[in-house]
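If you want the building blocks of each chain, they are given just below.
2 protein chains.
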Amino acid sequence: MSNHSNPYQFGLDKNAANFSALSPLTFIERSASVFPNKTAVVHQNIRRTWSETYSRCRRLASALTKHGIGEGDTVAVMAPNVPEVFEAHFGVPMCGAVLNALNIRLDAEAIAFILQHGEAKVILVDREFSEVISKALKMIAHRPLVIDIDDPSYEGGELIGTMDYEAFIADGDADYQWQLPEDEWDAITLNYTSGTTGNPKGVVYHHRGAYLNAMSNIVSWNMGQHPVYLWTLPMFHCNGWCFPWSIAASAGVSVCLRQVRADAIYDAIRDEKVNHFCGAPIVLNMLNNAPEEMKAGIEHSVKVMTAGAAPPAAVIQGMEAMGFTVTHVYGLTETYGPSVVCEWHQEWNDRTDEEIARLKSRQGVRAPMLDGLMVANPDTLEPVPQDGETMGEVFMRGNLVMKGYLKNPSTTEESFSGGWFHSGDLAVWHADGYIEIKDRSKDIIISGGENISSIEVEDVLYRNGDVMEAAVVARNDEKWGEVPCAFVTLKDGAEVTEQEIIDFCRDNMANFKAPKKVVFGPLPKTSTGKIQKFVLRDKAND
Amino acid sequence: MSNHSNPYQFGLDKNAANFSALSPLTFIERSASVFPNKTAVVHQNIRRTWSETYSRCRRLASALTKHGIGEGDTVAVMAPNVPEVFEAHFGVPMCGAVLNALNIRLDAEAIAFILQHGEAKVILVDREFSEVISKALKMIAHRPLVIDIDDPSYEGGELIGTMDYEAFIADGDADYQWQLPEDEWDAITLNYTSGTTGNPKGVVYHHRGAYLNAMSNIVSWNMGQHPVYLWTLPMFHCNGWCFPWSIAASAGVSVCLRQVRADAIYDAIRDEKVNHFCGAPIVLNMLNNAPEEMKAGIEHSVKVMTAGAAPPAAVIQGMEAMGFTVTHVYGLTETYGPSVVCEWHQEWNDRTDEEIARLKSRQGVRAPMLDGLMVANPDTLEPVPQDGETMGEVFMRGNLVMKGYLKNPSTTEESFSGGWFHSGDLAVWHADGYIEIKDRSKDIIISGGENISSIEVEDVLYRNGDVMEAAVVARNDEKWGEVPCAFVTLKDGAEVTEQEIIDFCRDNMANFKAPKKVVFGPLPKTSTGKIQKFVLRDKAND
Numbered sequence: 000m001s002n003h004s005n006p007y008q009f010g011l012d013k014n015a016a017n018f019s020a021l022s023p024l025t026f027i028e029r030s031a032s033v034f035p036n037k038t039a040v041v042h043q044n045i046r047r048t049w050s051e052t053y054s055r056c057r058r059l060a061s062a063l064t065k066h067g068i069g070e071g072d073t074v075a076v077m078a079p080n081v082p083e084v085f086e087a088h089f090g091v092p093m094c095g096a097v098l099n100a101l102n103i104r105l106d107a108e109a110i111a112f113i114l115q116h117g118e119a120k121v122i123l124v125d126r127e128f129s130e131v132i133s134k135a136l137k138m139i140a141h142r143p144l145v146i147d148i149d150d151p152s153y154e155g156g157e158l159i160g161t162m163d164y165e166a167f168i169a170d171g172d173a174d175y176q177w178q179l180p181e182d183e184w185d186a187i188t189l190n191y192t193s194g195t196t197g198n199p200k201g202v203v204y205h206h207r208g209a210y211l212n213a214m215s216n217i218v219s220w221n222m223g224q225h226p227v228y229l230w231t232l233p234m235f236h237c238n239g240w241c242f243p244w245s246i247a248a249s250a251g252v253s254v255c256l257r258q259v260r261a262d263a264i265y266d267a268i269r270d271e272k273v274n275h276f277c278g279a280p281i282v283l284n285m286l287n288n289a290p291e292e293m294k295a296g297i298e299h300s301v302k303v304m305t306a307g308a309a310p311p312a313a314v315i316q317g318m319e320a321m322g323f324t325v326t327h328v329y330g331l332t333e334t335y336g337p338s339v340v341c342e343w344h345q346e347w348n349d350r351t352d353e354e355i356a357r358l359k360s361r362q363g364v365r366a367p368m369l370d371g372l373m374v375a376n377p378d379t380l381e382p383v384p385q386d387g388e389t390m391g392e393v394f395m396r397g398n399l400v401m402k403g404y405l406k407n408p409s410t411t412e413e414s415f416s417g418g419w420f421h422s423g424d425l426a427v428w429h430a431d432g433y434i435e436i437k438d439r440s441k442d443i444i445i446s447g448g449e450n451i452s453s454i455e456v457e458d459v460l461y462r463n464g465d466v467m468e469a470a471v472v473a474r475n476d477e478k479w480g481e482v483p484c485a486f487v488t489l490k491d492g493a494e495v496t497e498q499e500i501i502d503f504c505r506d507n508m509a510n511f512k513a514p515k516k517v518v519f520g521p522l523p524k525t526s527t528g529k530i531q532k533f534v535l536r537d538k539a540n541d
Numbered sequence: 000m001s002n003h004s005n006p007y008q009f010g011l012d013k014n015a016a017n018f019s020a021l022s023p024l025t026f027i028e029r030s031a032s033v034f035p036n037k038t039a040v041v042h043q044n045i046r047r048t049w050s051e052t053y054s055r056c057r058r059l060a061s062a063l064t065k066h067g068i069g070e071g072d073t074v075a076v077m078a079p080n081v082p083e084v085f086e087a088h089f090g091v092p093m094c095g096a097v098l099n100a101l102n103i104r105l106d107a108e109a110i111a112f113i114l115q116h117g118e119a120k121v122i123l124v125d126r127e128f129s130e131v132i133s134k135a136l137k138m139i140a141h142r143p144l145v146i147d148i149d150d151p152s153y154e155g156g157e158l159i160g161t162m163d164y165e166a167f168i169a170d171g172d173a174d175y176q177w178q179l180p181e182d183e184w185d186a187i188t189l190n191y192t193s194g195t196t197g198n199p200k201g202v203v204y205h206h207r208g209a210y211l212n213a214m215s216n217i218v219s220w221n222m223g224q225h226p227v228y229l230w231t232l233p234m235f236h237c238n239g240w241c242f243p244w245s246i247a248a249s250a251g252v253s254v255c256l257r258q259v260r261a262d263a264i265y266d267a268i269r270d271e272k273v274n275h276f277c278g279a280p281i282v283l284n285m286l287n288n289a290p291e292e293m294k295a296g297i298e299h300s301v302k303v304m305t306a307g308a309a310p311p312a313a314v315i316q317g318m319e320a321m322g323f324t325v326t327h328v329y330g331l332t333e334t335y336g337p338s339v340v341c342e343w344h345q346e347w348n349d350r351t352d353e354e355i356a357r358l359k360s361r362q363g364v365r366a367p368m369l370d371g372l373m374v375a376n377p378d379t380l381e382p383v384p385q386d387g388e389t390m391g392e393v394f395m396r397g398n399l400v401m402k403g404y405l406k407n408p409s410t411t412e413e414s415f416s417g418g419w420f421h422s423g424d425l426a427v428w429h430a431d432g433y434i435e436i437k438d439r440s441k442d443i444i445i446s447g448g449e450n451i452s453s454i455e456v457e458d459v460l461y462r463n464g465d466v467m468e469a470a471v472v473a474r475n476d477e478k479w480g481e482v483p484c485a486f487v488t489l490k491d492g493a494e495v496t497e498q499e500i501i502d503f504c505r506d507n508m509a510n511f512k513a514p515k516k517v518v519f520g521p522l523p524k525t526s527t528g529k530i531q532k533f534v535l536r537d538k539a540n541d
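Note that the protein sequences, when read in sequence, are chains A and B. Once you know that position 298 of the first sequence is 297 in numbering that gives the first Met the number 0, the rest is easy, because the numbers rise by one and skip nothing. Once you know that position 220 of the second sequence is 219 in numbering that gives the first Met the number 0, the rest is easy, because the numbers rise by one and skip nothing.
Among the hints, erroneous ones may be present.
Since the list gives no way to pick one copy over another, a pair counts as held whenever it fits inside one copy or between any two copies.
Mimicking DSS-like on lysine-lysine, the simulated pairs with C-alpha atoms at most 30 Å apart in a straight line are [unchecked claim]: (1) 478 / 516; (2) 516 / 529; (3) 37 / 302; (4) 441 / 13; (5) 524 / 134; (6) 272 / 302; (7) 490 / 538; (8) 441 / 529.
The hints are simulated quantities; they were obtained by calculation from the structure and are not laboratory data.
One chain only, chain A, in its complex shape (with noise of 0.2 Å):
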């Protein structure tokens, strides 16, 4: 081995012009200083360029400041997808502060939680959230400064703040001059899991991982120059993917959507061009059952990315018989929301098309920026074999994982341990390299000694001309341990049996995976489209 001093350890350090923190908020920086004119967000009536959002954010920050905001302190917002949220993204961590974005489905008791535990020294709130943020403030001990979004598009709720956003940020300096953070290791923002069981876990995020998930998407997704994106995914579900940095970097448009409709998207993808926006499969569904009357018009091609459960095929055949092109990914609030992704290959477009929905409906690979990814046993952390049916949990490691769980060390550690992210998701690993999910550790159905995925059953269900939407969770049994229990909403005018559901499943799959029991009825379901498969638990074992 060499055995001389290294020359390149010497007189080549670091300093202020050969290095710099990696941060999102240069993307606005930039895209303010070069496309100044151009659109950056529409809402409504409102159409911001790059130069007037970004100096909007300055205020917000300034304003921040001058109110004692700063380094570690927490700015929470309560809003769906208006330009308060997007600017919060860049105008909070601006001062140094984190921007900590709440589902806005959740109840006054969990908002209360997370303000507690977030320590929010400042919360947005929109006019609809007034009553329930009322509520959840009364339950905390130290009321945070509240300021209102006051939206015209939106009627009812109250102002209940000091002041609204508008003139909070007046006070701000356009000019204000921010900084980046002295360590790109430092957090930017704070995400809770939805925690369906126990309390929500806060995900903090640091702004290099910031930065880079913003161009990992733009790598994965190919987004080019100023795509014009429309706000489907909440800005609030990981930072909405990490979507409002990945839209600065490219100087493209926000478009704001208050309420997931089919008729709102198929006008917004109509009159603004939009050519890109995410949405989980059950979103898709939505607009491919719309009326082809609300479709109409749509000539231009859009891009749409989906993850949150693996798109059924028949979703997938849908929306591309629609000229829609899918990109399946997958990834949790621990990753910045997307951290995988089904990687197509060319060839593939000469196969069936039952055979591409197969081939999409898998997760895929690591995305550009993510360093590991890797099905295997949760115990000793070996690989499993690549042969599409040894079931594992699913790692990840590397620059797209969390910097950890808030105020809770040992969840941290747990979830480090071994050097891997444990996802708690079981996959498969196929021949090519391409993961397929199974299902949640948790939702997966042991019946007389075998593993019976959840999803697999669902795709079944999804097959049936009749089904709209369907959830399979375990109902215990004394015979089998557990048995699988349907959920099912049928498409309007639909009539089909219990029996017939049953037998539709038999001709389709293994028989002991089929359903013993089907419940019809409307599927409960999270803020981010997720079904609540902890609620069907329950309902299937009453």
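Got chain A; can you put chain B on it based on the hints?
This is chain B only, laid out in the frame that chain A set:
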């Protein structure tokens, strides 16, 4: 101000699960795993996949390790754009070593200086350069291990090494377990400046910067997945502007090219469906002036990135008329190649051809991952007004600026003084934030106390239909101090006198800027197509 302790600073440290060094080595690992069977490298009859190329890189790293090469050791390469140089961009840093790609136009003295200064332990030598390397090796104290690159597509030269590259890597392990650098700040490559005055300086790049500029290329050029890239730009020049790593990140194709000739370039574009290549304006000029029959049969769109000098309007117009889209970028060896890009505004497409060419000839704004760019007074670092007239020096800062000069702390410190990298280029700053280089500090002509930009005079000369190439330098003058002297190569068959050229310039610019003397003949050039003005300056004053 808030005076609580910052909860985001506790229990949220870096660990193997959530932090990884940024390194472009992760790109090739990913492409080999996700797209193992896609073509990576094409050279003559050779077509290798990403899987094969990755194996060869690992073999190279392993073989180097077996010969005692490791962290901080330098491995030099002297070869044109053949697959071995591409592989060295990965295989060398995989074993912790630093790649030093040598400029193939250098003479034995310069090579000897570089090998000695860079302490190369190994050198890979293409047969074409066996003579100059043999000569250089005789001048230095410690002979490195010499490995021959025995490319069958070149006839001549000799094998001068211990063994040939194929035998060398055959001894390496295709499953070699390489490691990421301990620190992303660790050196990855060493690139000597052309050193037109004094000894060449060794510019050191690190893994972090190489990773970021590779991504910056993809984003700013909107390269997409699987670009087909032609190697017109030498890989020894700022590591081919970091494109070996960009191509790996986007799982593209590297089409190798031994010699930059118009016929070979057009053939490759036609046969391999090349859609991206880079070249100095002089290369584009050569392509423009090629016979029409050479250009036939190219139907697909091609993107060209140009830098090294402002592309004359005629060159841009000629390329675009062929359907090639030209992106103008700017940078230096010290900034990983292109770190400034002439970002295009869609609305500029409505301007006149002349106006478009003028806008495109400006160097532009900072690339997505450069953190700071300014034109400022070199003494005070005070930014000049953005008036398009006041000249100042170009300064850069941030992650696309080199680690420093090897074994040269005083020059490193000087070049970074005041926390900005001093480029030595003179520019004006336009009202829209775009910079326009007027000259190298040393190329500016000072006549009667007035600055004359040599580039401005050259631009006028290029507008003359008889002129093929032009360069303008200062010639000492008793009365004026300096006056412009033009060196001009005429197009085939053109007949024009010195006085006609001078008159043409006087008709198209302020009289005092017009050359006082015109010399006809071929121009001396560096290997990257830059005209060697220091040679012309000597001639002008002979």
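Going through the hints against the structure:
For the homomeric pair residue 478 and residue 516, the shortest alpha-carbon distance inside one copy (15 Å) is at most 30 Å, but the shortest distance between copies (102 Å) is not. When the C-alpha separation of residue 516 and residue 529 is checked against a cutoff of 30 Å, the pair qualifies only within one copy, where the shortest distance is 22 Å, while the shortest distance between copies is 77 Å. Proximity of residue 37 to residue 302 under the C-alpha cut-off of 30 Å is found in both arrangements, the shortest distances being 22 Å within a copy and 24 Å between copies. In this assembly of identical chains, residue 441 and residue 13 lie within 30 Å of each other by CA distance solely across copies; the values are 29 Å between and 47 Å within a copy.
In the homo-oligomer, the alpha carbons of residue 524 and residue 134 lie at most 30 Å apart inside one protomer (23 Å), although the nearest pairing across protomers, at 76 Å, exceeds that limit. In this assembly of identical chains, the alpha carbons of residue 272 and residue 302 lie at most 30 Å apart whether taken from the same copy (12 Å) or from different copies (26 Å). Taking identical chains as interchangeable, the C-alpha atoms of residue 490 and residue 538 lie at most 30 Å apart only when both belong to the same chain, with a minimum of 22 Å there against 85 Å between chains. For the identical chains of this complex, residue 441 and residue 529 are intra-copy neighbours only, at 15 Å inside a copy versus 64 Å across copies, given an alpha-carbon limit of 30 Å.
Violated hints for the displayed structure: none, as all numbered hints are satisfied.
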